[in-house]
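Enquirer: Single-letter residue listing:
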Amino acid sequence: MAARKTRRQGGQAVKIVVTGPFAAGKTTLIRTISEITVLSTERGITDDTRSRKAETTVAMDFGRISIDRDLVLYLFGTPGQERFDFMWEILGEGMLGYVLLVDASRPETLEEAAGILAAFRRMAHVPFVVALNTIDGEVRVDERQVRSFLNLGPTTPVVACDATSKDSVKSVLLALLYSVLDEIETEAANA
Amino acid sequence: MNLEGSLDAFGLPDVVTLLSTTAKTGALGVRRVGTDGPVEGVLWFHDGSLSGASSDRGRASLVRRLVGSGAVDDAALRAAVARSVADGTGLARALLEAGAVDPELVAQAAADQAIDAVFDVLRWPDGDFGFDQGAHDADDVGLRLDPSGVLVEAAARASTWGQLEALVPGPESVLTLPVVLADDPLLTRDEWALLALVDGRRRVRDLVELTGCGQFAVTTTLAHLVQRGLVHIHDDATPDHVGVVERRLGLLASVESAPTTLPAAPARPTGEPPAGPGSLGMSAAAALAAARAAQAHPQNGAPGSGRVARQPDVVPARPEPFQPERRPEHPEPAYASHMAPSRGGAMSATVVEGATARTLSDPMMQTSPEGAIERDASVNRSLLLRLIAGVRGL
Chain A
1 MAARKTRRQG GQAVKIVVTG PFAAGKTTLI RTISEITVLS TERGITDDTR SRKAETTVAM
61 DFGRISIDRD LVLYLFGTPG QERFDFMWEI LGEGMLGYVL LVDASRPETL EEAAGILAAF
121 RRMAHVPFVV ALNTIDGEVR VDERQVRSFL NLGPTTPVVA CDATSKDSVK SVLLALLYSV
181 LDEIETEAAN A
Chain B
1001 MNLEGSLDAF GLPDVVTLLS TTAKTGALGV RRVGTDGPVE GVLWFHDGSL SGASSDRGRA
1061 SLVRRLVGSG AVDDAALRAA VARSVADGTG LARALLEAGA VDPELVAQAA ADQAIDAVFD
1121 VLRWPDGDFG FDQGAHDADD VGLRLDPSGV LVEAAARAST WGQLEALVPG PESVLTLPVV
1181 LADDPLLTRD EWALLALVDG RRRVRDLVEL TGCGQFAVTT TLAHLVQRGL VHIHDDATPD
1241 HVGVVERRLG LLASVESAPT TLPAAPARPT GEPPAGPGSL GMSAAAALAA ARAAQAHPQN
1301 GAPGSGRVAR QPDVVPARPE PFQPERRPEH PEPAYASHMA PSRGGAMSAT VVEGATARTL
1361 SDPMMQTSPE GAIERDASVN RSLLLRLIAG VRGL
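Respectively, the protein sequence lines represent chains A and B. Following the numbering used here, the numbering of the first sequence begins with 1 at its first residue and continues without gaps. Following the numbering used here, the numbering of the second sequence begins with 1001 at its first residue and continues without gaps.
Please keep in mind that the hints were generated in silico from the structure rather than gathered at the bench. Some clues are possibly wrong.
Stretches of chain A that chain B covers, calculated by requiring three or more beta carbons in the stretch to come under 8 Å of a beta carbon on chain B [stated by the list, open to error]:
1) 12-19
2) 88-101
3) 121-132
4) 171-181
We put the CB at the ideal spot given by N, CA and C, even for glycine.
If we strip away everything but chain A, and leave its shape as in the complex, we get:
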């Protein structure tokens, strides 16, 4: 699958995908950092997941950060429900890397996160970071457990974050960007 360079009205655009289990806080994270109103494709939930969340993202979340005049960073959030999995590959094309967001208060979602991560690893060979969302203040999963369950290597960043805090979301994005930078520099050193 060929990666494509995105050009937007003469400038360049890069893309980061935010994925994670249902109700992990993906929409919140993107809304916190995006300079535009995030694409509103949320709908009321009609199936048995309604008890966890009244609305969910049915197409995608979309946020934008203008880095400078010629460079735009897009954030794409994957849909939260299983029947929208077909969107992942669409959203993933051309991405710089991705953020796997996990709700630290709900360890039961780790298995879902593992499945999503497996699919993304199979789909894309790009850097990623795991963000542990502690928005509710309740932390029932720590970094060690996440690394173990998700089979993460020591170089994969696991970052605690509050999806409602701009500084916290910035730290997640920076962790991913530094991972990409590390990969590029490693490749250059080995070349």
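Fit chain B to the supplied structure of chain A, relying on the hints for placement.
Expert: Frame of chain A; chain B shown alone:
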């Protein structure tokens, strides 16, 4: 429906950029409810390129453009319509495949049509969109435009639109030709083609329809003509030149021995209402009386009153009998099952660690190198440093 949203929250450029970036093929439908009712447009994508567009899906916009250019004769159009009705092929494509039109002309018309459509939709104040992945345009004539270039062109048009609107206020403006000019006119062929359709009754909207050139092109040409005084925007406050002459000739009736006969106006096209009193072969006195009556009852709009009554539409709305059957707007997507990860039920924190071995053996964890998304080769250290600095500065 694979992707949908509101244009208020998610602008057309962003949607188009997404579809282009991800090399999608399908139809991006756009809808809004305007003052004249619902309007639907469509932007067709082929592997991320823009392959066609229309801001009014109910009309065969591309073939209208070709017909308006005079490039299609009756026989060819009839044959294309017959084929379209029979097998759903788009009209422009049918004409192209029949060798009835110059491929270069079709390519240019299709590109103009696409840019016009994007420009139109960009000016929508609101609306919704939905992307039907995999849908194919029955009227695909091989156009492949870089969507970002189209957006740039459409944005450039939008930036000049205000100046054009200052000269040609809107699609309902009625145009008239001045009888007296300050200088000898100098016209291009395009300007002449448009001028020939200005008759004092047609609106800008009618001219767009008749020429098939798109609102921007027609308005631009008209604005140049208005600026040079070759066309006037009809204004109720400005006396009609013919009416003024008729009224003044009527004043001669008391000193002329024979009844003053006004010059006959040309016959009106079929379908228009008969001329009102005072226009054809009427005595000057009768014309004057009619003018006075018209002044007393301006809604009658009789000539000589200095007013022009609102005429019936010269180009009445009509159905498109040869529009191929449309695809369903929002078909159920065929969800790909191969992407679905395994998902289990609830798991407590104490079970988490014990599940590691199972996770490692999960076939979903096995990577498949072939066909996987790779990092964009254009992403380099310099770009990363700009991104990092930018995010840090938020």
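Enquirer: Against this structure, judge whether each hint is valid.
Expert: Status of each hint after checking the structure:
1. 12-19: With 4 residues in contact (Cβ-Cβ under 8 Å with chain B), the coverage given for the stretch 12-19 of chain A holds.
2. 88-101: holds (count 10)
3. 121-132: holds (count 7)
4. 171-181: holds (count 6)
In summary, this structure violates none of the numbered hints.
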